[in-house]
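Peer 1: Residue-level listing of the chains:
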Amino acid sequence: MAYTLMINGERHDVDVDGDMPLLWVVRDHLKFTGTKFGCGLAQCGACTMQVDGVATRTCVLTVASAVGKNITTIEGLASPAGNALQQAWVELQVPQCGYCQSGQIMSAAALLESNANPSDAEIDAAMSGNICRCGTYSRIKAGIKLAAKDMKNVGGAA
Amino acid sequence: MNMQRFAKTSSNNISRRGFLKVAAGTSAGLVLGMNLGTSTAQAQSAGAAKLEFNAFVSISPDNQVKVLIKHLEMGQGIYTGLATCVAEEMDADWAQIVCEHAPADVEKYANLFMGMQGTGGSTGMANSYMQMREAGAAARAMLVSAAASQWGVAAADIQVANGRVSHAQHSASFGELAMAAALLPAPDTASLSLKSPADFKFIGTLAATRKDDGKADGTAIYTQDIQLPGMLSAVVAHPPRFGAKVLSFDASKALAVKGVQHVFAIESGVAVVAADYWTATKGREQLEVQWDETRSETRGSAEILKGYHELVETPGVVAESEGNAAASIAASSNVVEGVYEFPYLSHAQMEPINCVALVNGTKAEMWYGCQMPTGDQAAIAAVLGGQTNEVKINTVFAGGGFGRRANPNSDYIVEATRIAKELPGTPVKLVWSREDDMHGGYYRPAYVHKLTAALDSEGMPSALQIRVAGQSIMEGTFMASSIIDGIDASSIEGLTEMSYHVPERQVELHTTQTGIPVQWWRSVGNTHTAFSKEVFIDALARKAGQDPVAYRLALLKNNPRETAVLQLAAEKAQWGTKVLPEGWGRGVAVHSSFGSTVAEIVDVSVDGDTFKVERVVAVVDCGVAVNPDIVKAQIEGGIAYGLSAALEDEITLTEGRVDQSNFHNYRVLRMNAMPEVEVHILASTNAPSGVGEPGTPPIAPAVANALTAVTGKTFSRLPLKLA
Numbered sequence: 001m002a003y004t005l006m007i008n009g010e011r012h013d014v015d016v017d018g019d020m021p022l023l024w025v026v027r028d029h030l031k032f033t034g035t036k037f038g039c040g041l042a043q044c045g046a047c048t049m050q051v052d053g054v055a056t057r058t059c060v061l062t063v064a065s066a067v068g069k070n071i072t073t074i075e076g077l078a079s080p081a082g083n084a085l086q087q088a089w090v091e092l093q094v095p096q097c098g099y100c101q102s103g104q105i106m107s108a109a110a111l112l113e114s115n116a117n118p119s120d121a122e123i124d125a126a127m128s129g130n131i132c133r134c135g136t137y138s139r140i141k142a143g144i145k146l147a148a149k150d151m152k153n154v155g156g157a158a
Numbered sequence: 001m002n003m004q005r006f007a008k009t010s011s012n013n014i015s016r017r018g019f020l021k022v023a024a025g026t027s028a029g030l031v032l033g034m035n036l037g038t039s040t041a042q043a044q045s046a047g048a049a050k051l052e053f054n055a056f057v058s059i060s061p062d063n064q065v066k067v068l069i070k071h072l073e074m075g076q077g078i079y080t081g082l083a084t085c086v087a088e089e090m091d092a093d094w095a096q097i098v099c100e101h102a103p104a105d106v107e108k109y110a111n112l113f114m115g116m117q118g119t120g121g122s123t124g125m126a127n128s129y130m131q132m133r134e135a136g137a138a139a140r141a142m143l144v145s146a147a148a149s150q151w152g153v154a155a156a157d158i159q160v161a162n163g164r165v166s167h168a169q170h171s172a173s174f175g176e177l178a179m180a181a182a183l184l185p186a187p188d189t190a191s192l193s194l195k196s197p198a199d200f201k202f203i204g205t206l207a208a209t210r211k212d213d214g215k216a217d218g219t220a221i222y223t224q225d226i227q228l229p230g231m232l233s234a235v236v237a238h239p240p241r242f243g244a245k246v247l248s249f250d251a252s253k254a255l256a257v258k259g260v261q262h263v264f265a266i267e268s269g270v271a272v273v274a275a276d277y278w279t280a281t282k283g284r285e286q287l288e289v290q291w292d293e294t295r296s297e298t299r300g301s302a303e304i305l306k307g308y309h310e311l312v313e314t315p316g317v318v319a320e321s322e323g324n325a326a327a328s329i330a331a332s333s334n335v336v337e338g339v340y341e342f343p344y345l346s347h348a349q350m351e352p353i354n355c356v357a358l359v360n361g362t363k364a365e366m367w368y369g370c371q372m373p374t375g376d377q378a379a380i381a382a383v384l385g386g387q388t389n390e391v392k393i394n395t396v397f398a399g400g401g402f403g404r405r406a407n408p409n410s411d412y413i414v415e416a417t418r419i420a421k422e423l424p425g426t427p428v429k430l431v432w433s434r435e436d437d438m439h440g441g442y443y444r445p446a447y448v449h450k451l452t453a454a455l456d457s458e459g460m461p462s463a464l465q466i467r468v469a470g471q472s473i474m475e476g477t478f479m480a481s482s483i484i485d486g487i488d489a490s491s492i493e494g495l496t497e498m499s500y501h502v503p504e505r506q507v508e509l510h511t512t513q514t515g516i517p518v519q520w521w522r523s524v525g526n527t528h529t530a531f532s533k534e535v536f537i538d539a540l541a542r543k544a545g546q547d548p549v550a551y552r553l554a555l556l557k558n559n560p561r562e563t564a565v566l567q568l569a570a571e572k573a574q575w576g577t578k579v580l581p582e583g584w585g586r587g588v589a590v591h592s593s594f595g596s597t598v599a600e601i602v603d604v605s606v607d608g609d610t611f612k613v614e615r616v617v618a619v620v621d622c623g624v625a626v627n628p629d630i631v632k633a634q635i636e637g638g639i640a641y642g643l644s645a646a647l648e649d650e651i652t653l654t655e656g657r658v659d660q661s662n663f664h665n666y667r668v669l670r671m672n673a674m675p676e677v678e679v680h681i682l683a684s685t686n687a688p689s690g691v692g693e694p695g696t697p698p699i700a701p702a703v704a705n706a707l708t709a710v711t712g713k714t715f716s717r718l719p720l721k722l723a
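So the protein lines, in turn, are chains A and B.
For the first sequence, our numbering begins at 1 and goes up steadily by one.
For the second sequence, our numbering begins at 1 and goes up steadily by one.
Okay, chain B solo, but in the shape it has when bound:
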């Protein structure tokens, strides 16, 4: 991690903001009568004019510190995380901190790893850590400077603690100093002194409790909850197959439904608009649409996967090569082979896809859980023929995301914009039903992997050949430039640059084409690569007659980080010493993704053809754990999300039509299948790395390995079934 780079970027941001800007205490939200949630409501209480210290920090005279959050809060705790960094360097009182989503403004709020404003790749904390600390330190320096002037004392002699600035007999709150302090020029970043970790009060402690509040009393506001005067609700009839278009439609019966106000075609289907969602869906039921399916995908998933199985028997595009793995495998008398199949997966976030749009000519105002402001702004402006600065985005909490809301085509945001464009001046809330959401595509792609290894006389792999077949996620997206020489690295990440030492390696990729839209899904390529890697390593260990942990540690001789994480997991889970009940098995997996390493050790109990995952011991190395409890929550949640896919989740298609429609046939993890999870954080002084995704990859292979340990049965596809 290059801290200097962060510091430079953020200092530019801060110096640009070296002017006073007093905004009235009312926002568009209040004018429109929206309930924006407890903390925001407090921020907008009487007399709460906000004084901007920089792009991220403002302080009101009534002593509230508002932190603008440039990332989407979708449950990962980024409100709290970024505010923790600010509060730490400000020496604020945690109770005085409130958070609010930043507006769409790439100049001020770019993700420093992406060069655009957006949330993803578990980079939220990693790219912001120094930037937020500097924003807090800059605000603190301005408060101290103002106090020094008022009191006629040296700034160096002033103390700041718990939100109070003091010197001998003088003492003032941040709010009391805010007016004078905000008038001062922003300090040069180079002049800021950041705290030594030994002095941290918030970072690495449990003192910073969650700031995305209102979630235990129903007051938190999501897209679904936006209420605007005169707002209408819209649903869209989408084609039954991907790639089909509207040929013609008869709206007469739909318009005859009491309360249905508008029916019209848009590019993605036929929109039905009414005063409320239920009425709109009633109208849609009466709609008669003829679809042009000439260019639609008509294959089923079984047919597609069969093709992938054939592909992995043939050479693909070489993504990584060391030595001559194929020749060594051909010459070996001790070869192990594994083929693994992965289905399409829906994100199935709890809040179905939705978006509120208000369009006037080329201007748009949007309300939704916006994950990619820069891309969405461009997509909306393109629909309206306007400029990105004519698109105002009000970001609200997202009811889960897991990748779906970072759509590279801004699919549903464009759909909402197109509907609102037909109804200028009227705010429209587009709502997808669960069925719309599950049929709406942008799945984790299906893949087939084939791994072949030659073992040496000690049973260690001397050569490894890996072939992967499946769709590219990046192709056709704003990330397409990351595809180099036909290789979408996200299809094979986790299998290339493997942490296990194997002298000869070759990784080959077959990038396939289907009409099924695909997208990143919590941990992207690692959702499948960690499975084949870790299940295959266990197969090699069995062939070698070695303990799975000891075998891995031997292969990790060049990787101290994974070694340390795996060793701690083995110690915490009492690997090799704990006696398990009859019918129980134990499995392990370790994987690095998004800059972090996670090892998981799983205990399963088997009863006939059924099994239960009883317990998971996880260890994470994510650098500095800014909020340890949130790190644990993310690993717990990442395990649950991955476990759902390991046990249940599967999207299939028959003749191009998605078979699943709702939670009765797209089954997901429920409480009765949730194991006990114990998370340990490896102490680290490295810069923070991701935690939103890295907990997910190891769980499925660890469960498979545990099941194999107890049943002897091996697994070649997800979800895992004993019968």
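Okay, chain A solo, but in the shape it has when bound:
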């Protein structure tokens, strides 16, 4: 069946079964591979995209239910929070294997876009759905704090 998706501000037409998860439409059909497959059960967060600004596990979100939503993948992440996070990730050398990091950054961006100055507990709550088996959690947390600080400084200057 044909579906029209709005991904990273661009329209994409796909012809797939309606129950195919958005993750596999984006990866296998549209060939955006920045978003990862980790568990297929909304347990690990590697597949996180933003759907209407909300961090969403796309391995369990059907393509049919993604129609009409604004979908952002790591490839299209361009918000001030997203940019600040990506810079912080490089500055603090956060990734190890890196496989979970697209999902981590998409979750972190959704957090900072709704809460510019999250506490440790708020970061834990927002990020504990994203597993990192390399154990970069401390640096992810530090990266979120650094990005929040950088955004505040930019905001203050403006």
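Hints in this document: simulated from the structure, not taken from any laboratory.
Errors might be hidden in some of the hints.
Subject to a maximum C-alpha distance of 25 Å in a straight line, what follows is the list of computed DSS-like cross-link-like pairs (lysine-lysine) [said to hold, decoys possible]:
{"id": "1", "chain 1": "B", "residue 1": "LYS612", "chain 2": "A", "residue 2": "LYS145"}
{"id": "2", "chain 1": "B", "residue 1": "LYS392", "chain 2": "B", "residue 2": "LYS363"}
{"id": "3", "chain 1": "B", "residue 1": "LYS543", "chain 2": "B", "residue 2": "LYS557"}
{"id": "4", "chain 1": "B", "residue 1": "LYS201", "chain 2": "B", "residue 2": "LYS258"}
{"id": "5", "chain 1": "B", "residue 1": "LYS713", "chain 2": "B", "residue 2": "LYS306"}
{"id": "6", "chain 1": "A", "residue 1": "LYS31", "chain 2": "B", "residue 2": "LYS543"}
The structure presented is a predicted model; accordingly, all values stated were derived computationally and were not measured.
Using the hints, position chain B against chain A.
Peer 2: Chain B in isolation, oriented as in the chain A frame:
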């Protein structure tokens, strides 16, 4: 560490490469339209013909230095580490360095500790340190020599700094000299002068930032991301029990699923092939398979472990013996005993198992995070009835490994090859679901240990008997020759040659047989031996009424390295002086593995039946810390990985079927349970030793010891539970 040995081997490699080889700036990757990631894409920009200086270093006229990395980058930072050594001796500009995985070629890219190309045992930096420095120094010497000829000056008067070669009024980039320099014969290794550590700009500093980039913007390419024209996706229905085989299957319903193209049996199960992964899994759901389970493992883990508990009450094969420990224990009136049980563990790396294969007759081209090129090549060639040199391996980043990707049977690589063999000329991406991965075996084996000690009048151990029961990891693998007199040293490493001084010791091993496939898991035997050793030492200290750090230091009188690491950890954590909040406890463990020593001091807070690991202070002695920030990251990650097993991870089986399937029931460490971690590196001038694994062993015993300190409860199994 024998530096001479490294130097000799690497000089052979370099001299063999003393010829010019200009390769076109396009690779198979670009031809096939793959996005290989930022750095590689830059390397392949227009006009970037690469000029090979040796097996590891090439320089393009546009001034890019490419370092070929012979080890798999799976997060441990080996791209950066090896490039650091090259850049150091070349006096390169860090910005001009790019890295790429080396091809499978054991002649050029063997692990000098293994004699085959492969990554493991935390040897990446240790075996490459001198080899990479020499490769950089050789390239530098060729650049200097070319400049000396062009400018008509003495090579000795030429300076090299930040990627520029200069002399008085002359100055040239590496790229400008590359064409002439690459034509020169490679210098003899003996003629190379390596830098004095005092002159290091990259080694031991923070100047060398990570080169495995593209990981913050989704552009880094893993196996899962490989896209090839006409590529199909495959999944496999595996048997529900280990050792079962396909008896028969009905593919009709699976083939009726729109998009499913092929269904066929292979040795390991039934393959379902479709244009995309999701469709293949839909087909697999419709597949009806009858399994022959006559030779399958039908025992549960509880039954297996019960047998191990019985075994450790009986004598095993003696692996180490000093004095007569058993007699001294029997005669002693002050005996302490501890029994410890360890479950099977899944690696649960974030990227589930996968592999891309393209087969044509006896030829194969593969794309995956290849950890053991030499073994994998042989396994693939065996499936195809061809030669290893007909197997081309394109190595991409691995989404974690922790041991799983160094499979001694090349299990999933063989599976991908068998599927692709049925579809000649068509690239096939084999993808395991998380459930396939968790049910797929090759776990850290389950073990039971029993430790018994006799204490002297001072409370110090005078005799120690250790019995271990569990499966051998090495048996049936290419490492089987390491099993001597029935002893797989990896089952007991960490308990033999113990750093603590105990006059009489005996270590015995019961090697068991099950149908459950097992494999090395980050730090191998040390995953369990460090726990029983360090928890037992704490039990002895309690019996002796002594402080755990002071007790250890007394027993470490013959081991200055562990003494220094433990003393620094105690100092940094303010052991014995820092006042902890009510309900908090503190524990310590120290352990040496893979040539390095790590001590960890842990603070836990306890609230009823729940607890949280609040803080870890770690000290590592890994020789020269080539990239201090990566060393810290590896210790942080090693702690997190070990902590996950200490708190949550456990594979169990019921009647031969694995009970866990995904992260909801194979629970792993998440951010909310991650402690604050502080890593200190002991200054050292020794050759670099491992950092990928040594951070893992001490964490579980340190947590157990901390919990005992605050609750009085002792622990005899992992994961640790208060209730």
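Peer 1: If a hint holds in the structure, say so; if it doesn't, say that too.
Peer 2: Going through the hints against the structure:
Of the pairs offered as hints, the one joining LYS612(B) and LYS145(A) holds, with about 22 Å between alpha carbons and a cut-off of 25 Å not exceeded. Among the hinted pairs, LYS392(B) with LYS363(B) is consistent with the structure: their alpha-carbon atoms are about 8 Å apart, no more than 25 Å. Taking the CA atoms of LYS543(B) and LYS557(B), the gap is near 20 Å; set against the 25 Å cutoff, the hint holds. A distance of roughly 60 Å separates the Cα atoms of LYS201(B) and LYS258(B); the hinted pair therefore is violated under the 25 Å criterion.
Annotation: proposed proximity of LYS713(B) to LYS306(B) holds, straight-line Cα distance about 23 Å (limit 25 Å). Of the supplied pair hints, the one linking LYS31(A) and LYS543(B) is violated, its CA atoms being roughly 63 Å apart against a limit of 25 Å.
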